[in-house]
Amino acid sequence: MSWTFVLALAVCAYGLKLLGAVIIGQREMPLVVQRCLLLIPAALLAGLIAKDTFTTGQSYAIDARAAGLAVAVLATWRKLPFVVVIVAGVGTTALIRVFV
Amino acid sequence: MHHFRAPDARRFITASLMIGIAFVIFGASFGVLSVSAGASVAQSCTLSLLVFTGASQMSAVSVLASGGTIASAFGGAVLLSGRNAVYGLAMSPVLKEGSMASRLLGAQWVIDETTAIVSAETDPATRRTAFWISGAILYASWNIGTLLGALVGSSINPSDFGLDAAFPVMFTAMIAPHLRTSAGRKAALFGAIAAVALAPFMPIGLPILVSALGMLFGISPTISEPTATTDGAP
Chain A
0 MSWTFVLALA VCAYGLKLLG AVIIGQREMP LVVQRCLLLI PAALLAGLIA KDTFTTGQSY
60 AIDARAAGLA VAVLATWRKL PFVVVIVAGV GTTALIRVFV
Chain B
0 MHHFRAPDAR RFITASLMIG IAFVIFGASF GVLSVSAGAS VAQSCTLSLL VFTGASQMSA
60 VSVLASGGTI ASAFGGAVLL SGRNAVYGLA MSPVLKEGSM ASRLLGAQWV IDETTAIVSA
120 ETDPATRRTA FWISGAILYA SWNIGTLLGA LVGSSINPSD FGLDAAFPVM FTAMIAPHLR
180 TSAGRKAALF GAIAAVALAP FMPIGLPILV SALGMLFGIS PTISEPTATT DGAP
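Those sequence lines, one after another, are chains A and B. Residues in the first sequence are numbered consecutively from 0, following numbering that gives the first Met the number 0. Residues in the second sequence are numbered consecutively from 0, following numbering that gives the first Met the number 0.
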């Protein structure tokens, strides 16, 4: 990872925060833009979950990560605390690696 | 710079520390994976200090770790941080009271969790107390976690501990509040399908940017107004 990458990301991320909190403030941002921006996490995080679980590089893979994800989904659905979700999901993947 | 009322302050300290514990663990996982994806300890810590929006940082590292291009890692991370601009609109009255310096600092602390904690309050003074206390505690937690993880990360192989599953597991915890609306569920379904279906045909990292097009479900008006949606993960 390059420092250019780190600093450019810092500038963009902070710039977007400033844009809303200080620059635009209570003036108008179109509702349609707000709705779209707020939907990005759902779309992108779902994409990242799918990529990180079911692909390795450009090929498909079903392995211990899928079991970890299944446990995490179950724990999240049961509204267990975040710490439990992480430990259960990661722990499941680790245990399968050890015993299978 | 602000006068906090003790009962309120104590309530927000407790609430923030609860989330802070999760932040330390999320931060540590980020630190481990960031270092194993090729970032130095200093770079990992700088990301947490200056970017301070967990999903973006994790997204960038996740794409780089799987061999994606720098451009796609960057694009995904910036898109993910776009929501903070919307949260900032809601937080601007809270920041407006202070000096320009405090507004510039406060802007950095506008994230899902501070927005959610502040949005639960109505009294302006209480909202300011909530913002500054939760912001300080969560900022500290996230950065302490990152430092610990990055230091450990340089001496372990993450997949031995199942930590290669940490990203999808953490993203699962983070996405849950975004699935409460039907538009959110549609966007997520689109995003997941795009990422998997396009993986063999596109350079690594690019399908994730296609996933982001799921945001276009926001064009059709829904009943619910935009609000901050999470209460626990960065």
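These are calculated hints, taken from the structure and not from any lab test. Where a beta carbon is used, it is the ideal one built from N, C-alpha and C, also for glycine. Hints should not be assumed to be uniformly reliable.
Unchecked claim - Chain A regions said to be covered by chain B (calculated; three or more residues, Cβ under 8 Å):
hint: 1; segment: 16 to 29
hint: 2; segment: 44 to 55
hint: 3; segment: 65 to 73
hint: 4; segment: 81 to 92
To be verified - These stretches of chain B come out as covered by chain A in the derived footprint (C-beta under 8 Å, 3 or more residues):
hint: 5; segment: 160 to 168
hint: 6; segment: 181 to 193
The hints, checked one at a time:
no.: 1; hint: 16 to 29; in the structure: holds (count 10)
no.: 2; hint: 44 to 55; in the structure: holds (count 12)
no.: 3; hint: 65 to 73; in the structure: holds (count 4)
no.: 4; hint: 81 to 92; in the structure: holds (count 9)
no.: 5; hint: 160 to 168; in the structure: holds (count 9)
no.: 6; hint: 181 to 193; in the structure: holds (count 11)
When the structure is compared with the earlier hints, no violation turns up for any of them.
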